[in-house]
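Asker: Read off the chains here:
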Amino acid sequence: MRMEPVERAAAVLSRTSAARFRDPYHCFDWPSRPEPDRLAMSRPLISLAAHPIWETLTDEQRWRAALLETAAFFSLNVAGERELMIGLAARLHHGTLAPASEYLLHFIQEECAHSAVFTRFCRIYAGRLYPDRQVRLPRKYLAGEEEFLFFAQVLVFEQLAGWHNAQNAHDAEVWALPRAIHEYHAEEEARHVAFGRTVVEALWNAHSPGWGEEGRAQVAGYLRRYLEALHRLYVSPFVYRDLGLADPMGLRAQVLALPARQQVQRDASARVLAFLGRLPGLVLA
Amino acid sequence: MREQVIERLRTWLVRQNPEAAGKDIFPDTDIIETGLLDSLQLVEFILLVEMESGKRILSEHIDASWLRTLGGIYEHFFAAEAA
Chain A
282 MRMEPVERAA AVLSRTSAAR FRDPYHCFDW PSRPEPDRLA MSRPLISLAA HPIWETLTDE
342 QRWRAALLET AAFFSLNVAG ERELMIGLAA RLHHGTLAPA SEYLLHFIQE ECAHSAVFTR
402 FCRIYAGRLY PDRQVRLPRK YLAGEEEFLF FAQVLVFEQL AGWHNAQNAH DAEVWALPRA
462 IHEYHAEEEA RHVAFGRTVV EALWNAHSPG WGEEGRAQVA GYLRRYLEAL HRLYVSPFVY
522 RDLGLADPMG LRAQVLALPA RQQVQRDASA RVLAFLGRLP GLVLA
Chain B
283 MREQVIERLR TWLVRQNPEA AGKDIFPDTD IIETGLLDSL QLVEFILLVE MESGKRILSE
343 HIDASWLRTL GGIYEHFFAA EAA
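So the protein sequences, as listed, match chains A and B.
Numbering-wise (our numbering), the first sequence opens with residue 282 and increments by one.
Numbering-wise (our numbering), the second sequence opens with residue 283 and increments by one.
Worth flagging that the hints you see were computed from the coordinates, not collected in a lab.
Cross-link-like lysine to any residue pairs, in silico, SDA-like; alpha carbons within 25 Å at most: (1) Lys337(B) / Glu285(B); (2) Lys421(A) / Ile328(B); (3) Lys421(A) / Ser321(B); (4) Lys337(B) / Leu410(A); (5) Lys337(B) / Pro529(A); (6) Lys337(B) / Glu289(B); (7) Lys337(B) / Gln415(A); (8) Lys337(B) / Met530(A); (9) Lys337(B) / Leu532(A); (10) Lys421(A) / Ile367(A); (11) Lys421(A) / Gly317(B); (12) Lys337(B) / Gly354(B); (13) Lys305(B) / Gly502(A); (14) Lys337(B) / Arg414(A); (15) Lys337(B) / Arg290(B); (16) Lys305(B) / Arg420(A); (17) Lys421(A) / Glu301(B); (18) Lys337(B) / Tyr411(A); (19) Lys305(B) / Gln499(A); (20) Lys421(A) / Ala371(A); (21) Lys337(B) / Ala534(A); (22) Lys421(A) / Glu364(A); (23) Lys421(A) / Val325(B); (24) Lys337(B) / Gly531(A); (25) Lys421(A) / Thr311(B); (26) Lys305(B) / Arg350(B); (27) Lys421(A) / Met282(A); (28) Lys305(B) / Leu322(B); (29) Lys337(B) / Arg513(A); (30) Lys421(A) / Glu315(B); (31) Lys305(B) / Tyr503(A); (32) Lys305(B) / Arg506(A); (33) Lys421(A) / Arg505(A); (34) Lys337(B) / Ala360(A); (35) Lys421(A) / Asp320(B); (36) Lys421(A) / Pro561(A); (37) Lys305(B) / Met283(B); (38) Lys337(B) / Gln535(A); (39) Lys421(A) / Trp492(A); (40) Lys305(B) / Thr351(B).
Using the sequences and the hints given, assemble the complete structure.
Answerer: This is the structure:
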């Protein structure tokens, strides 16, 4: 397996991570009270904002909806980061990524820091961290498929999160603290995405020729379904329940069917789909 | 009550997995082993059961045999409310 591009990327990114290290415990101001006149999430990203129910909500309910949707987004990231840290730690000093160990340590450290920041925000302002519902059932994999899917799913997860980070960070109407957290996360995730793309490409090139056309279609199909499942997890019925809205699952289904929501999904996934679509023989349609 | 809950869950399973439409899904059918749900679909199924029952499925429940059948899910998540 040709790992030179991964090793080169890891060396550059290790230097950048060390040079741009930010202490997550001291780089944010944590006000005792949130800003009551600013939403915690950019309005076009609030899942309820495009639904007719939005017009029936009071300003206070809208403010709380933005706060809880932010908490759900941060909680989703905490869950994803936990799985990522476990996976990276397992690959630290052996296997194909062993030569990139130094960068993997930066990667794990940064993910741990993100989780600490997200968790603190959720606990202080929303009073809760939404629990993780993702599960992994054991199944049979093609040779190299599990390794490829681990990094490909991480890449999809991070690029979707990165898009949401960027939208929130650039919206001057959003409350300053979550904006700063999104900006901080986006900067470090950009390095993780650069590394992830290099690893995904190397793993795809090494393993996919041996899978045959049917195997490649199966892997691509799983990845497409993972992306769709992740889009659905961005719309939390538990937020709707906590807002006191009736029939949270029915409301979620309506939100997911909204053209505005589907446009958010297309925009959020455009870059990662373009990257994956350039891998030879990977057809995600 | 039991039949209604199981029928709602069964309807959802068939909607998620059209190949299941022609299959018999009994209260004791293993919905994981028979391939009716994979990891990605199980996430949505957990959301559905939690929202319908108002109870949390904990991560340690994932391997439990009763989470693998509609009858088991009913007994653990819905039966107390129905009694």
